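2 protein chains.
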Amino acid sequence: MPNELKGHAVIGQSGGPTAVINQSLVGVVEEARRHGCIDGIYGALHGVRGLLDDRLIDLRAESAATLERVAATPASALGSVRKKPTREECERIASNLRERGVRYVFYIGGNDSAETAHLLSELGRGTGHELRVFHVPKTIDNDLLVTDHCPGFGSAARFVAAATMGDNLDNRSLPGVKINVVMGRHAGFLTAATALARIEPDDGPHLVYLPETAFDVGRFLDDVSRVVAKWKRCVVAVSEGIHDASGRLIVEGREKDSHGNVQLSGSGALGDLLADHVKRHLGEGARVRADTFGYLQRSFPGFASEVDASEARRVGIDAVKAAVSGQHDSGSIALRRTSNSPYTVETFVTPLASVAKNTKSFPAEWIVPAGNDVTTGWLDYVRPLVGSLPDVAQLARVPVPPRS
Amino acid sequence: MPNELKGHAVIGQSGGPTAVINQSLVGVVEEARRHGCIDGIYGALHGVRGLLDDRLIDLRAESAATLERVAATPASALGSVRKKPTREECERIASNLRERGVRYVFYIGGNDSAETAHLLSELGRGTGHELRVFHVPKTIDNDLLVTDHCPGFGSAARFVAAATMGDNLDNRSLPGVKINVVMGRHAGFLTAATALARIEPDDGPHLVYLPETAFDVGRFLDDVSRVVAKWKRCVVAVSEGIHDASGRLIVEGREKDSHGNVQLSGSGALGDLLADHVKRHLGEGARVRADTFGYLQRSFPGFASEVDASEARRVGIDAVKAAVSGQHDSGSIALRRTSNSPYTVETFVTPLASVAKNTKSFPAEWIVPAGNDVTTGWLDYVRPLVGSLPDVAQLARVPVPPRS
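Protein chains in written order, with the numbering used here: chain A, 34 to 437; chain B, 34 to 437.
By construction, these hints were calculated from the structure, which means they are not laboratory data.
Be aware that a few hints might be false.
For identical chains, the list gives no copy identity; a pair is met inside one copy or between any two copies.
Below, simulated PhoX-like cross-link-like pairs (lysine-lysine); rule was C-alpha separation at most 25 Å, straight line [said to hold, decoys possible]: (1) Lys117 / Lys393; (2) Lys312 / Lys265; (3) Lys263 / Lys312; (4) Lys390 / Lys39; (5) Lys116 / Lys393; (6) Lys117 / Lys265; (7) Lys116 / Lys354; (8) Lys116 / Lys263; (9) Lys390 / Lys117; (10) Lys116 / Lys390; (11) Lys39 / Lys354; (12) Lys312 / Lys116; (13) Lys117 / Lys312; (14) Lys116 / Lys265; (15) Lys263 / Lys390; (16) Lys263 / Lys393; (17) Lys263 / Lys39; (18) Lys39 / Lys117; (19) Lys393 / Lys265.
In this text, all values refer to a predicted model and were calculated from it rather than measured experimentally.
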């Protein structure tokens with residue numbers, strides 16, 4: 034085999050965890066074990082942190098039974114990291130990999146991880162130590178370029194859709210205005226997935242606001258009033274990243290990470306702020322509540338989308354196949370939807386540079402002109418990724434005739 | 034049959050919904066249909082509100098298939114209400130029931146609902162229109178007197194235990210301090226159930242604070258520092274109702290309902306307040322996040338405890354059996370745990386007055402002396418109510434030896 038490259042493989046996980054990120058990890062391990070050219074299969078603890086500090090674990094030592102259980106376990110089993118390494122750090126990593134005899138790198142993460150993988154791949158080229166570097170996509174934000182959608186998104190979407198179904202039922206029981214804040218700093222895909230909760234014509238979410246549209250508090254309050262006038266209640270889904278026309282966040286965060294991102298999750302500030310606006314607007318006696326779905330969206334166990342779990346496994350497997358084949362010395366595994374009904378996908382390799390740095394926004398054609406809801410085109414796109422939702426039903430409610 | 038009482042039955046639901054409150058509703062309907070002495074089976078829309086306004090639906094018109102689907106649907110299918118009727122309103126209700134020919138009242142709710150049922154029963158006695166009034170227990174707070182535990186609690190406990198499992202895994206991946214605020218104004222049962230999330234010795238929640246113990250911010254910060262020193266991370270479960278030694282709530286709510294209760298749920302204020310304390314205490318660079326689990330705890334679909342669902346159905350069925358038998362003209366259905374291993378329960382009728390007004394606190398003997406955790410005795414009590422939790426697993430993490 035002319036392109037056969039012998040050596041060890043190392044796998045890392047980066048960024049916010051998902052419910053199925055370990056499916057990808059186990060996909061890589063499972064496929065790597067099938068190839069004689071791969072000797073050691075190492076896991077880097079906490080992504081680039083472990084690569085920098087040479088903190089590696091032996092993934093060949095894990096039993097098949099443990100690996101299967103880990104695959105179904107949310108959150109990064111190797112530990113994750115938010116760190117974006119500098120060029121100097123990447124050089125140290127490349128040097129560590131050379132000294133270790135590592136020839137295959139699989140990095141599971143979002144676009145920042147693809148950028149790190151790209152830098153490592155470029156550095157490897159310069160040294161004469163051939164390195165094959167593959168990015169395995171994951172993100173609940175669904176904002177990677179090129180791919181049809183991102184592993185991890187379907188499960189988070191299933192969680193927020195079910196949470197909104199339940200919350201809509203709760204709001205039917207005890208009517209009022211309920212605001213639910215959903216993850217998604219720049220991309221509204223996850224917030225938009227709450228629209229899957231609708232079954233009956235009067236089901237919430239009645240209003241959906243994404244960060245792709247400028248948010249105007251006055252228009253929002255008018256929207257709420259209109260829905261309350263019609264249905265006597267209102268369920269709102271709003272992205273944590275909503276901002277005004279000038280791009281200023283509606284809630285100003287208090288903290289930034291090393292990527293320069295403002296902290297939005299892990300705080301109830303935006304929900305409380307919007308609830309206060311609505312209370313003042315509707316006046317005394319209005320029942321207004323806000324929930325921030327929080328980290329449960331990405332880490333709730335036992336509730337993954339089956340399609341998402343299987344695709345997350347598959348991108349891990351296919352990353353190893355691509356690396357071993359030698360057809361590409363680097364790349365990111367992407368998904369192409371070949372049919373929507375029945376739903377089918379295939380994978381392909383896209384250059385790391387095509388996925389790194391930039392991200393995708395929620396398409397404008399799936400947002401209604403008023404900027405407060407999503408279209409059925411979006412629902413057709415997202416439904417197969419989420420799979421079945423819990424079955425819920427309403428009573429027929431046949432009135433007993435009034436007393437004569 | 035000497036005690037046979039012929040007439041219509043009416044069912045209402047009250048207070049905060051649960052994931053299984055409709056199991057009780059369907060249990061009542063299903064059993065009522067078996068008894069010839071019960072003619073019309075009515076549902077009152079929004080509890081006492083519907084009884085006051087004579088807004089009734091015909092539950093005999095519902096198909097068995099719809100009823101089964103509704104049983105598995107969270108939140109009150111008849112609509113709920115937070116209203117505690119005055120004596121005058123109860124008199125109007127009693128008069129409505131008399132005019133309607135209603136002889137059986139089943140009211141599904143917490144202790145406030147038992148109090149309403151008690152008042153209705155007393156008023157019925159005075160009029161000569163024989164009325165049998167039964168309270169069917171539900172509350173995620175698990176704070177009703179007499180009964181071993183409350184239908185609705187097991188499912189909420191299952192949700193918060195699973196949420197904490199996932200959150201603990203998330204926190205393992207990206208270490209920091211994570212504070213989770215759990216429902217429970219006066220009773221810590223639900224917050225205490227997060228302790229079921231622990232599998233490994235270093236699993237969170239590492240600290241658990243209930244409203245039954247005075248909360249001291251200084252001691253809390255010391256506790257967090259100690260856990261962070263030991264495990265490099267810390268997951269905290271805290272009840273929304275925590276208060277200082279003088280009884281003052283740690284977070285001051287902004288709104289009261291007609292029972293005089295301060296609004297605690299539907300706001301992220303407490304979590305954000307505690308997170309700010311921890312950030313100031315641990316200093317620059319500490320990763321501190323807070324989530325408030327919110328209404329998902331009581332309304333998330335497709336995740337009920339099987340034991341809880343079956344017991345919620347059973348108390349509905351047994352309320353009708355008790356009412357029809359005529360052995361009691363009123364009462365609340367309570368559960369008695371006859372064995373913990375294997376877990377078995379039986380139901381019995383307790384007087385309405387024994388359940389109305391007062392509530393139960395989390396027993397002091399299940400709180401550790403330091404006031405920051407629960408005991409294994411509690412876990413033995415709660416585990417059968419929650420049933421199976423999602424299976425999650427850790428890698429063995431065999432280190433790759435350092436480079437020579």
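Run the structure past the numbered hints and jot down the numbers of the failing ones, going up.
As far as the earlier hints go, 4, 7, 15, 16, 17, 18, 19 are violated by this structure, in ascending order.
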